[in-house]
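Q: Given these sequences and hints, build the entire structure.
Listed here are the chains, written in short residue letters.
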Amino acid sequence: MKYVDEFRDGDTARHLAERIAAEADPARRYAFMEFCGGHTHAIARYGVASLLPANVRMIHGPGCPVCVLPIGRVDQAIALALQHGAIVCTYGDTMRVPASGGLSLLKAKARGGDIRMVYSAADALKVARQNPAREVVFFAIGFETTTPPTALVLRQAAAEDLANFSVLCCHVLTPAAITHVLNSPEVAQWGTVPLDGFVGPAHVSIVIGSAPYEPFAAAYRKPVVIAGFEPLDMMQAILMLVRQVNDGRAEVENEFVRAVGREGNAAAIAAMAEVFEHRESFEWRGLGTVPDSALRLRPAYARFDAEQRFSLTYQPVPDHKRCECGAILRGVKTPSDCSLFGTVCTPDNPMGSCMVSSEGACAAHYAYGRFKDIPVVAA
Amino acid sequence: MCLALPALVVERRDGDEALVELGGVRKSVSLALVPAAAVGDYVVVHVGFAIGLLDPEEAARTLALFAEAAEAAR
Ligand code: SF4
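Line by line, the protein sequences are chains Y and L.
Sequential numbering of the first sequence, starting at 1, is according to the UniProt record's numbering.
Sequential numbering of the second sequence, starting at 1, is according to the UniProt record's numbering.
Each hint should be verified, as a subset may be incorrect.
Simulated crosslink set (PhoX-like; lysine-lysine; CA at most 25 Å straight-line) [as the list claims (entries may be wrong)]:
id: 1; chain 1: Y; residue 1: Lys109; chain 2: Y; residue 2: Lys126
id: 2; chain 1: L; residue 1: Lys27; chain 2: Y; residue 2: Lys126
id: 3; chain 1: L; residue 1: Lys27; chain 2: Y; residue 2: Lys333
id: 4; chain 1: Y; residue 1: Lys107; chain 2: Y; residue 2: Lys333
id: 5; chain 1: Y; residue 1: Lys321; chain 2: Y; residue 2: Lys333
Just so you know, the hints here were simulated from the structure itself, not pulled from any lab data.
A: Spelled out as structure tokens, the structure:
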């Protein structure tokens, strides 16, 4: 595939690995967080970590929208279907996120809830047009990548004056989450999780551009390199991060110039700004309540806001006691530190959210990395 | 969830709709967020919407950078 295969070449990957090994100072350790679930997936799938020298370590961050969706929000969506009789439309991955009472959207569907998987926000709008006598709610999740499509669909619904359509808005913001990770006690109290830099999101950055990371890199003195999702993109970004650390620089650099500019996608930013405004705070699974980290509908779109339309109140629900998702999302623990990993908790039966999407740290490790944990014993 | 792939725009249709080809599969997506996209361009498609354009010159430059690393490693 064009613009895909060229960025997966094995020989080039090995050459880049040699450069990283040559330039990384053997006397120090480097720890970089890849914020994005897409990068976590690529690292696991292509064995990027195994190409790195022992003193360069990748830490998985909270950048999978499915993983950071709190139980209380899934509960709201389930209540819309089971108690309010609404048709709830959502993206596939969201269907399996564990909710309260052993439920998920998929299990609520088996109990008679009219819950439908859609590929695109535009499909949710179609369902509303086809079912004028029913309430149709789009359960919208995701970072700045999935937000512009939701904004366009809301604009369209307003233009058509659709009376039976609304959105349960759970869109979250990337720069706020990165800042929150750096402010968390484990990271702030230097020592437990030293982070030397970040691999910045690929597709989120197509939308918002590289500029939003600049104040953050300056304030926290952390380099950020925005990288594409292919393995060579990752390797090149890691090399650029090693160089910044060696030079004592903390800048925003862009490896993904083929798709990302400094200013982002103006049409997408305008659509988001027209329809959404910031929420004061929002609960993230694993990170707790994060100030100024999510979006809600502007008052002009209030009639399309499912929370207002159905008078929903938000009820936070704690995660499973033994699930380590929270620590994993902050980079403090790894999937194999969780006692439920691979036994009670598997992709077929996820206990925590990190096991749901293939971009979650636990699911990626389960699919591609878990055998590496088993020591090889010579016969 | 966030995975998206570069797709070739093969046909513009009514309004914002376009037909794109993605690894041999053709499907209809919305170009509302990249109004400048034309037939022959590569766009990054995510949840049924093109969210950005791919710049072929920058892609070539990035690949050249990798080749340089390969040279240096020799
Ligand atoms: S293995 Fe399952 S329960 Fe444990 S941290 Fe991962 S998602 Fe949570």
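Q: Please go over all the hints and tell whether each is borne out by the structure.
A: Here is what the structure says about each hint:
| no. | hint | verdict |
| --- | --- | --- |
| 1 | Y:Lys109 <-> Y:Lys126 | holds (20 Å) |
| 2 | L:Lys27 <-> Y:Lys126 | holds (17 Å) |
| 3 | L:Lys27 <-> Y:Lys333 | violated (41 Å) |
| 4 | Y:Lys107 <-> Y:Lys333 | violated (30 Å) |
| 5 | Y:Lys321 <-> Y:Lys333 | holds (15 Å) |
Of the numbered hints stated above, those contradicted by the structure are hints 3, 4, listed in ascending order.
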